[in-house]
Amino acid sequence: MEFGELISNVVLTPTTPTLEFKGVSGKTFQSTGSESWTLQFDYAQDWTNADSLALKLFNDAGDTESIVIAPYGGTTGPKFTVNATLLAGAFGGAVDAAATSSVTLPVTGRPVFAPAV
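Using this note's numbering, the letters of the sequence shown correspond one by one to residues 93 to 209.
Treat the hints as calculated values from the structure; they're not laboratory data.
Yeah, the Cβ is synthetic: ideal placement off N, Cα and C, and Gly gets one too.
Incorrect hints may have been included.
[Said to hold, decoys possible] Derived CB-CB ranges, DEER-like:
1. 109 x 169: 30 to 36 Å
2. 180 x 105: 18 to 24 Å
3. 188 x 134: 17 to 23 Å
4. 107 x 208: 26 to 32 Å
5. 187 x 115: 56 to 62 Å
6. 160 x 184: 25 to 31 Å
7. 179 x 97: 17 to 23 Å
8. 115 x 152: 21 to 27 Å
9. 142 x 112: 37 to 43 Å
10. 158 x 183: 35 to 41 Å
11. 153 x 111: 28 to 34 Å
My request is simple: use the sequences and hints to build the entire structure.
Here it is in structure tokens:
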């Protein structure tokens, strides 16, 4: 499914935990943990269309999906592919405004980058 028309912002964020230990001698040691990633996006809520992103997230929460992010749109630009666990987003919004939501999905492994063709 293609949801580009409903998404207004996409961010892939890496997190690498670091640890610093200082012994009584004053010497410090630093260590880094394993990198983890999240995929965050803002989207318009559409609860009337059976194929909407809001319903996909709600109905399939907990499932892992392969998601392709094409920052420049189209089929020839660079792409990132991630395997992310779907989570339901918020429901609702202000009167006389588009109902939007934001969701942050945990990513399994690293994003895979494919250059433009």
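Each hint, compared with the structure:
Judged by the Cβ atoms, the range 30 to 36 Å given for residue 109 and residue 169 holds: they are separated by roughly 32 Å. A beta carbon spacing of about 20 Å between residue 180 and residue 105 agrees with the range 18 to 24 Å that was offered as a hint. One distance hint, 17 to 23 Å for the beta-carbon pair residue 188 and residue 134, holds here, with the actual separation near 19 Å. The beta-carbon spacing between residue 107 and residue 208, approximately 27 Å, falls within the hinted interval of 26 to 32 Å.
For residue 187 paired with residue 115, a C-beta distance near 59 Å keeps the hint of 56 to 62 Å intact. Separation of residue 160 from residue 184 is about 29 Å and conforms to the stated range, judged on CB atoms against 25 to 31 Å. At roughly 21 Å, the beta-carbon separation of residue 179 and residue 97 lies within the given 17 to 23 Å, and the hint holds. Under the hint 21 to 27 Å, the C-beta atoms of residue 115 and residue 152, about 49 Å apart, miss the expected range.
Evaluation of the 37 to 43 Å hint for residue 142 and residue 112 yields a failure: the beta carbon distance comes to about 51 Å. Checked against the hint of 35 to 41 Å, the C-beta distance between residue 158 and residue 183 comes to roughly 26 Å, which is inconsistent with it. Separation of residue 153 from residue 111 is about 32 Å and conforms to the stated range, judged on CB atoms against 28 to 34 Å.
The structure fails to meet hints 8, 9, 10 from the earlier list, while all remaining hints are met.
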